[in-house]
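Colleague: The hints should help you fit chain B onto chain A, whose structure is shown.
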Amino acid sequence: MASSFSVHASEIAGIGILALDGFLDAHTAPQFDEAIQKELNAGRRNLVVNCEKLTYISSAGLGVFMSFIEEIRDAGGDIRICGVVPKVLQVFEILGFQTLFDIVSDVPTAVARFQQGGQG
Amino acid sequence: MPNFERKFLLHVPSSTENLALIRDFVAAIGKQAGLAETELSMIELAVDEACANVIEHAYGSDQTKEVIVRAILDNDTITIEVIDTGKGFDPGSVEQKDLKRLVEERRSGGLGMRMMKLVMDEVHYQIVPGERNELRMIKRLKR
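From first to last, the protein sequence lines stand for chains A and B. Those letters in the first sequence? Residues 1 to 120, by my numbering. Those letters in the second sequence? Residues 1 to 143, by my numbering.
Chain A extracted, bound-state conformation (with noise of 0.2 Å):
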């Protein structure tokens, strides 16, 4: 019995947009990697996680956006998180994720700071 988990990728305007839902944890955290590895291929540097459908989040899903964030924001981009539920929000808290990431509350307020410009 897995975590169940999967990334639906789109995008807006050039913004890709990762929704995630399920269990992020070790076992599917590789499936979010190759998701925003994909679109740092595709040259999309501003990415949009939305967390709507996301139930749960153990570090090994804290440190895939760990792993890409400077490299995004070297590269002019930057990664802003949405809809987070309350329970995945206490995790990001305890690790003071609010302090590295903008996190909002969904996918249009998102986009629009993009295209707001500026990072972070």
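Treat the hints with caution; some may be incorrect.
[What the hints assert, rightly or not] DSSO-like cross-link-like pairs, simulated, lysine-lysine; straight-line CA separation at most 27 Å:
id : chain 1 : residue 1 : chain 2 : residue 2
1  : B       : K100      : A       : K38
2  : B       : K117      : B       : K65
3  : A       : K87       : B       : K142
4  : B       : K100      : A       : K87
Quick caveat, the hints were computed from the structure, so don't treat them as lab data.
Modeller: Positioned in the frame of chain A, the structure of chain B alone reads:
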């Protein structure tokens, strides 16, 4: 309720595939103990982190090995023990770096251990590499 210990034991092959099963095991025990949702989430997380470390680091993802999770419940605490016979490590040598430093160095190592310490009341290690490594975590229950 009289204060007696209830013990639960789970043996699983060392594969990240089983992390969901381990979390469900702990969640079921927590529910039986009447833990609040937040408390329960934190314990599930700590156990997940501990087992993921064992599977990936102590056993190097060797699925023929076994991870043992013991939960001991009494009226005041839930104690979780994660036991392996893998290569072990020196808990004191794992640097607890600032999150920003980790990002700058493009590393995410040590986050699991940090998480356990932040969400549990006590975390103890007893390491005998290759023989028996035991991580013991205690959460005092809010009643």
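Colleague: Against each hint, give a clear statement of whether it holds in the structure.
Modeller: For each hint, the structure was consulted:
no.: 1; hint: B:K100 to A:K38; verdict: holds, 25 Å
no.: 2; hint: B:K117 to B:K65; verdict: holds, 26 Å
no.: 3; hint: A:K87 to B:K142; verdict: holds, 19 Å
no.: 4; hint: B:K100 to A:K87; verdict: holds, 23 Å
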